[in-house]
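Novice: Chains A and B supply the protein sequences, listed in that same order. Residue numbering for the first sequence is 3 to 228, as defined by our numbering. Residue numbering for the second sequence is 4 to 333, as defined by our numbering.
By construction, these hints were calculated from the structure, which means they are not laboratory data. Everything numeric in this text was worked out from a predicted model, so none of it was measured. One should not assume that every hint holds.
[Stated by the list, open to error] Estimated spans, in silico, between C-beta atoms of each pair: (1) 84/A to 74/B: 56 to 62 Å; (2) 25/B to 146/A: 35 to 41 Å; (3) 60/A to 14/B: 16 to 22 Å.
[As the list claims (entries may be wrong)] List time: in silico DSBU-like cross-link candidates among lysine-lysine, alpha-carbon distance up to 35 Å: (4) 123/B to 53/A; (5) 123/B to 147/A; (6) 141/A to 117/B.
Every residue, glycine too, gets a C-beta built ideally from N, C-alpha and C.
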Amino acid sequence: MDFLNDLMTNPGITKAMWPATLETLQMVAISGIFTALIGLPLGILLLNTAKDGLTPNKTLNFVLSGIIVNITRSIPFAILMVSLIPFAKFIVGVSLGPVAASVSLTIGTIPFFARLVETALREVSTGKIDAALVMGSTKMQIIRKVLVPEAMPGIIAASTTTLVTLIGYSAMAGLVGGGGLGRLAYNYGFQRYEPAIMVVTIVIMVLMVQIVQIIGDRIARLVDHR
Amino acid sequence: MITVTDLRKEYRQGDRTVVALDGVSLHVDAGRIHGIIGHSGAGKSTLVRCLTLLDRPTSGSVAVNNKELANVSDADLRTARRRIGMVFQHANLLDSRTTAQNVAFPLELIGTPKAQIKAKVAELLELVGLSNFADAYPSQLSGGQRQRVGIARALCSDPDVLLCDEPTSALDPKTTDEILDLIKSVRDRLNLTVLIITHEMNVVKQACDSVSLLEAGRIVEHGDIAEVVADPTGRLSKALLPMPGELPNDLPAGTVLDLLYSGSQASEPVISSIARTFDVDVNVLAGSVEHLGIHQFAHLRIALPLGADIPAITAHLIANGVAVTAKEAK
């Protein structure tokens with residue numbers, strides 16, 4: 003009964019839980035939107051500058067794929083985030099809080115998403131691209147009317163995976179000043195050893211991931227006519 | 004009509020140069036269906052890619068209606084490509100689009116007004132017999148239906164030439180017949196020039212007016228079906244009108260003749276005329292009689308007994324327009 007009582011009365015839950023959830027949602031939303039805006043074109047570039055792409059460009063592909071994407075992806079996220087704090091301050095003016103954390107979250111997630119998008123686009127058969135070329139498509143038309151629509155189920159799946167990853171990363175961001183559920187779980191749940199807070203935080207995060215996954219799967223099914 | 008002149012394509016493979024097309028020339032008149040047949044590795048795919056300029060030929064030219072395609076700039080190439088409608092082995096439809104949207108694709112690319120696209124698409128779906136499937140997605144269609152959509156899409160930009168790359172190789176025999184009939188009827192209605200690239204002799208038999216045999220990047224035999232079949236030494240003739248089986252070992256002593264005749268002779272009683280004129284027994288060992296296009300062809304193997312006047316019989320047959328090849332009985 004103590005545990006239930008604690009759930010209803012603990013100020014960490016009654017007062018801090020809702021704002022923390024909102025902060026987490028804010029981080030995930032901001033970084034999710036920017037990851038999509040930058041990551042999708044980057045994924046398209048990764049595919050099309052490659053040797054067998056529409057506009058092969060060895061140098062650009064090496065810089066994008068070999069340097070930017072691979073190096074960013076090989077740095078553990080916790081370290082990348084801390085090292086990006088000065089950059090976040092430069093971009094948004096503050097180094098603490100969910101908005102600052104969104105900068106590092108975005109930068110950490112873009113290469114991940116871009117790779118997933120590239121893989122999804124690669125699934126589009128060359129026969130379809132050849133057919134579009136023979137019918138007189140420009141390269142831009144091939145990207146807009148063939149590659150992206152045909153890879154849409156894969157791109158939706160990539161977005162779902164990326165959002166789930168972002169929810170996880172956002173909790174980590176909480177540890178280094180990002181706020182949100184991660185900070186709540188760490189400060190109250192770990193440092194003050196309040197199991198009720200830990201449990202509630204975990205439940206909320208699990209629910210978030212489940213909802214994102216269910217919605218993502220449903221959209222993917224809707225756009226999948228294969 | 005389409006004219007291909009001395010088309011060459013070389014690939015670099017390490018330090019080696021691979022010649023995929025070694026001077027291919029061909030000409031097809033408007034309203035004719037021409038088959039290009041060859042085994043895998045003969046250069047068929049390379050030829051297709053060069054005809055549509057997905058690959059630039061090393062040298063040579065491709066002209067449709069006397070307009071050169073092979074040496075134009077990239078920007079003109081897109082316009083030039085619309086003169087050739089292409090049908091693919093696996094249809095290559097876009098899975099994210101319905102039948103109607105797939106057919107509309109070529110017109111959508113050039114920004115044709117919606118109402119105009121709608122009318123054209125309806126007309127083409129009617130032509131290929133898929134009016135009821137306008138809103139179906141490719142995954143809901145059978146292989147034959149998908150190929151019909153592919154044909155409608157290829158016709159959407161009113162091309163002069165329909166280029167079919169193995170259009171029936173992924174289809175069962177019944178659907179193959181339907182698709183070939185559709186190609187023929189489309190040709191009749193639109194007076195299209197059609198090129199069918201295939202490895203199936205059956206497709207040539209059923210649909211083509213003329214044929215080229217592609218081998219190791221060269222055209223080694225070509226001509227109207229009637230011409231190539233009538234040449235008993237040609238490989239196309241052997242492939243189009245095969246003689247079933249080898250000579251049996253237990254033949255009675257005598258002479259074996261292979262007869263090849265076409266057109267009107269095929270309906271005349273050549274065999275009984277020999278029997279009557281020369282008073283010999285004629286034994287038919289093997290044979291095939293086929294309609295190829297509008298012509299009828301017969302390829303017969305007959306045995307004549309010892310003592311028959313072979314030179315006179317041969318002369319009689321040749322006088323009747325029959326090509327005769329003598330075989331020694333074992």
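Novice: Determine which of the earlier numbered hints do not hold for this structure and return their numbers in increasing order.
Specialist: 4
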